[in-house]
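S.K.: So you can see what is in the structure, the chains are spelled out below.
2 protein chains.
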Amino acid sequence: MEHDLLPSERLDDLLTHHLHIIQSREVFSFSMDAVLLARFAAVPKRGKIADLCSGNGVIPLLLSTRTQATIDAVEIQPRLADMARRSVELNGLQSRISVVEGDLREKAKQLGYGKYDYVTVNPPYLPPASGDRNDNAHYAAARHELNGTLDEIVQHCSRLLRTGGKAAMVHRPGRLVEIISSMTRWKLEPKRIRFVHPHAGSEANMVLIEATRDARPSVKLLPPLIVYKDGQQYSDEIMQIYYGGERGDTNAGAEELRGS
Amino acid sequence: MEHDLLPSERLDDLLTHHLHIIQSREVFSFSMDAVLLARFAAVPKRGKIADLCSGNGVIPLLLSTRTQATIDAVEIQPRLADMARRSVELNGLQSRISVVEGDLREKAKQLGYGKYDYVTVNPPYLPPASGDRNDNAHYAAARHELNGTLDEIVQHCSRLLRTGGKAAMVHRPGRLVEIISSMTRWKLEPKRIRFVHPHAGSEANMVLIEATRDARPSVKLLPPLIVYKDGQQYSDEIMQIYYGGERGDTNAGAEELRGS
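Listed in order, the protein sequences are those of chains A and B.
Its first residue numbered 1, the first sequence is counted upward by one per residue in our numbering.
Its first residue numbered 1, the second sequence is counted upward by one per residue in our numbering.
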C-alpha cells in the first residue's frame, strides 16, 4: 500500500481482515489494552457506537470487523485524530467510521445524548497529578487525565447512551472502586467484568468492564484472562485474539503486546 | 473425644492443629467459603477480632491457628451459638474465643465501636425476598438476609473497627457492586480482592474482599483462585489450603467443599 505517511509514521498490519493502521512512536501506539477491549465489547450488529479517547482509532477499526454499526471516534488530540482519519480512509471505512476531533466534554451533546447503543472507552489510566508524567505531550495526554477525569468520562459515556445501551471500558484494576462508584453514580450498572492477569499466579493488571444504562444490579465475573502461559509465551486465548482470524506477516499488535 | 453431642450432631475434624467442630445437618454446616475467608483474612497476630454471622464458629476456630488475638464470634441463632460455644470449649479455646449470641445490630455498640483491629464476615448471600427460600428456618437465616441487609452488616463491620482496622468478607460476585458501594458508603476502602473460580475457564462464584477503615483508594486484584484443576480434582492451592498443615483421617472440610 502506498500512502502519504509523515516521516515518523509507519503502517502496521492489524492482523485481521487486511486492516492497517498508521502509528508513530512520536505520539502513541496502541497496546494490548485496546485490542482486548475491542474483543471484550459485545457491540450490536447495527446501530450507533461511540469510541471515546479514541487515540489513533484502533478500536473503531477492530470493531468494524464485527459490526455494521456506524462508529463515531472522538479524540481530543489533533495529531491523533488526523492519524485516525487517514487510517479510516486507507481502509476504505469512511462510510462507517467518523473521526470527531475535540473535547468529549464539549462534543457529547452535539453527538447526541441518548443516541448511542454502545460506547467503548480506553481512557488515560493515571490521575493528573500522579508520578511519571511523560515529557512528551502526546504520551502525557494518553496516560494522564489531563482532559477530563475518570468521573467526567463515565458521565459522558452515560449521557451518550440510550436506556439499555452499554458502555465497555478498559482500565487499571487499582481504580476499580472509583470506576464502579462513578458508573453507579451515572446510572451505568456494571454487568460483566473480566480481569486480565499477566500470569495465572499474578495480580491483575487490567480490568475490562461492561455496564448497562439504567439496568438492575447483578454482575458476572468472567473467567480470568491470562496473558502468558509460561515465561513469555502467550496463552492460547491471547494467540486466538491476536492471530485467530488470519495470520499476518507483520506484527503491529505483538510489538505492543507488553502494554504501555 | 467424648462430648455431649445432641442426636443430630457430629464431631468433624478441621484437619489442622487437631481442631474439631460440632456440625449438624439439621441446622448448618460450614462450606468452602468459610475456609477460604479464614485463609484470606490477613488477621493481626494480636489484638481484637470480631467474626460476624459466625454460624457454628468455624472461622474463629480456623483463625485461632494463625493469631493470638481474642476473637468475639457473633451469632444470632441460639442453636448455632450454642454449637459454636461447645466447639470452642471442646477445643479448649475459651480464653481466646467468646461466642456472643444476639443480633449484630443490637450487640455492636456493646461490643465496642472502634475497638476492633479486624472483622471477618461470611454473611447470608441472598436478599430476603429472593427465590429458593429454604423451609428450614436455620438454613433460611444462613442463606437469606433475614436478620440485617448487606448494607447493615457492612455498616456494623465499619463501626466496630478502629481507623486502619480491616474487614474481610466472602460473598457472591453478583453482589460485588453493592458490596463496594456499601463499603465506600461506610468508609471501608476495598484494598484486596480475590475471585474464586470453580475452573480456570468458568465465571467466579465467590469473591473475597478485604477493606480498610478510612484508607485511601487503591485496590489490588489478586491472582484468581481456581478450585478444580481438571474435572473434579482439586487444584494444588485448594489442596494446600485444606490439607496443607496436617493430614487428618476424617474429612469435615472436603465433604462441604462443593459450597452451600
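No lab work stands behind these hints, which were simulated from the structure alone.
Note that this is a predicted model, so its numbers are computed, not measured.
Take these hints with a grain of salt, some might be off.
One copy or any two copies: either way a pair holds, since identical chains are not told apart in the list.
[Claimed, not checked] DSBU-like cross-link-like pairs, simulated, lysine-lysine; straight-line CA separation at most 35 Å: (1) 107 <-> 229; (2) 109 <-> 48; (3) 48 <-> 115; (4) 229 <-> 187.
S.K.: Could you run down the list of hints and mark each one as holding or not?
M.R.: Okay, the hints, checked on the actual structure:
1. In this homomeric assembly, residue 107 and residue 229 never come within 35 Å of each other (Cα to Cα): the closest approach is 42 Å inside a single copy and 50 Å across copies.
2. Taking the closest pair of Cα atoms, residue 109 and residue 48 come within 35 Å of each other only inside a single copy of the chain (15 Å); across copies the shortest separation is 54 Å, beyond that limit.
3. Proximity of residue 48 and residue 115 under a CA criterion of 35 Å is satisfied intra-copy only: 7 Å inside one chain copy versus 54 Å between copies.
4. In the homo-oligomer, the alpha carbons of residue 229 and residue 187 never lie at most 35 Å apart, since the shortest distance is 38 Å inside one protomer and 38 Å across protomers.
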